[in-house]
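> So the protein lines, in turn, are chains A and B.
For what it's worth, our numbering labels the leading residue of the first sequence as 1, then goes sequentially.
For what it's worth, our numbering labels the leading residue of the second sequence as 376, then goes sequentially.
It is possible that part of the hints are untrue.
Not the full set, but computed from the structure, chain B residues with beta-carbon under 7 Å of chain A [what the hints assert, rightly or not]:
1) D510
2) H578
3) L580
4) Q583
5) L691
6) G696
7) A697
8) T705
In case anyone wonders, no lab produced these hints; they're calculated from the structure.
Heads up, the beta-carbon is just placed ideally off N, CA and C, and yes, glycines get one too.
Number of protein chains: 2
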Amino acid sequence: MSTTTSATSVPGPDPAVPGVSLQELAAMRRALELAGRGPRGANPQVGCVVLAPDGRTLGEGWHQGAGTPHAEVAALADARERGADVRGATAVVTLEPCDHTGRTGPCSVALLSAGVARVVVGVSDPNPVAAGGADRLRAAGVDVVTGVLANEGAAALGPWLPAVRRGRPFVTLKIATTLDGRVAAVDGTSRWITSEVARRHAHALRAQVGAVVVGTGTALVDDPSLTARRGDGSMVDEQPLRVVVGTRDVPPGTRLRGPGGELVQVRTHDPARVLAALQEREVRHVLVEGGPTLAAAFLAAGLVDEVHAYVAPVLLGAGAGAIGDLGITTISDALRLVPTEVLPLGADVLVVATPEHPPRGTAEPIARTSTEKES
Amino acid sequence: MSTTTSATSVPGPDPAVPGVSLQELAAMRRALELAGRGPRGANPQVGCVVLAPDGRTLGEGWHQGAGTPHAEVAALADARERGADVRGATAVVTLEPCDHTGRTGPCSVALLSAGVARVVVGVSDPNPVAAGGADRLRAAGVDVVTGVLANEGAAALGPWLPAVRRGRPFVTLKIATTLDGRVAAVDGTSRWITSEVARRHAHALRAQVGAVVVGTGTALVDDPSLTARRGDGSMVDEQPLRVVVGTRDVPPGTRLRGPGGELVQVRTHDPARVLAALQEREVRHVLVEGGPTLAAAFLAAGLVDEVHAYVAPVLLGAGAGAIGDLGITTISDALRLVPTEVLPLGADVLVVATPEHPPRGTAEPIARTSTEKES
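Please model the entire structure based on the sequences and the hints provided.
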């Protein structure tokens, strides 16, 4: 079985899962809310609610980032702190409990030790290293239901889910163009094509990703800082890696060597090798910011999952285009995208779109219902 | 006094006009509604409501196109047909009554002959040939108020108003591009970049304009029909002129010589001369559809009033850009537009925008309130 899905697919109606109570559904919604409190990063955002057999909430938890307790462990600890007896309880968790000892122990074992009788799971764990939690729990006699609000669960996991499924970071390509598709004037100047509102929006995206990637051409010509900044110009605490792709050196004294995230140079022109290098660093979401040559290389390699196109009501008539040569010569071969969002931002418009044909990567099925899983 | 305004400016709050009753305001709103029933073309869309001294509606009329009675005359006729006595009545009319004998006689005279005691006017007539109606009425002792719901009145007149003010047709430039600003692939193919929904929308615009203009390059390469069609593919009754700009001949057997509006060739490369030729034919609204060279010529000449940019979620990486060379070499000289509408159309987005700096033309003040007029 091999299907792929977009990370940013809009949650549709959820498949009915038999045998799940309304209290458990409500707890899953709460767990999804809790999941969002955690940081985006190498680890997934997960939430958990522990319910008493009578449906009362005994504890809540969410994952607060690499090295801290997983959501299930945090929720069990919360319940114990409140003096609750968790034996025979139900754990409602947005992502399948891990079965893997990493920086923390397996959640499957923690749930078994606590004497939990039932586990309600949103999304099955796509991570081959960590999967198997549901099976271990079932083998130990715990009642496990999976696939509950799975679409919402997948949406809440964001780019982490397709990244883990595909075995490589999720790639967002950002372009900021005039209405006639230019990213710079003839003399190379490009500050600014888009409005301040649009640029702030782009900075908010930088603050969510693990790495921002540019080619050496852009690094040398534009001297960008590639930092994530707030509206007041100050830098956010967690800065993405700053990745320069290409063989030319980044000179001393450039902004990329100033304050901001770690500077990483990947001396290649192959986008797959760039992603492999970032995968090793557990980067789940990469923002490719240009220039046209690098953008074209990622697109031509089928390694773009999502395009963010900021379009400004400006005309230049000449200057570099947003995307370099893709080898496309006739309209029927055009790279067609499916828009998922159209957002006016000040005078500009942001179009978010995903490729019509699935991007490359290790394909895995999306969250399965328990029925499918058992068949 | 010399100010210019955009034809498509959004109606703001109307300046209060002293001495206008609520019944007259309501009648003006009705007259604006009636105006919209008439066709767009050489003549303005005008509506008129005749009120009895006690505020009852005696008659209604609107202008149904060149050669037919003007709105005031139609409304007086409607009142008489209903057996009403219009002496001492109030005529509420969206545009200042003309004072000019064209295909029909002056409305000012018709209103005087009918014995109307008061005239409430929306927008003052910007047409130097036809203006003076309010003055003639005042001189004859009629009570005249102007500038009532003038912003709404200006909006209802559409491109006709700036066209008459500027002494040349209002120019809409249409482009249909990929997200990276291409209007065709490397081999020249361009059918289709935009979705059917967007193309239908573009056909609806063709049906509203007096002329569709392309360069000879587009005429020869694309072999367009430049007709206005309905969703089912059938042609609308009133077809715009089909105008080809340039010195090369349009060959026999091309679609432009097939069914559709009259084919007009303007053998020049000067956009101002194109507009002068169309002004002679009383065209008020011109749609420039390409290609890049012609678009750039109109933009560089400051003769574009509005841009309609259909942007499709498609990437090509190469091929002709939407706009040819504008002579702009640095970002600070970019041609900046102000968006007035962002409209998702199927998978595409339509951005309607007007130049930040007023386009060229004979500038005239917009609708004045009676106070301004008398000062």
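> For this structure, which hints from the list above don't hold up?
Violated hints (numbers, rising): 1, 2, 3, 4; every other hint is consistent with the structure.
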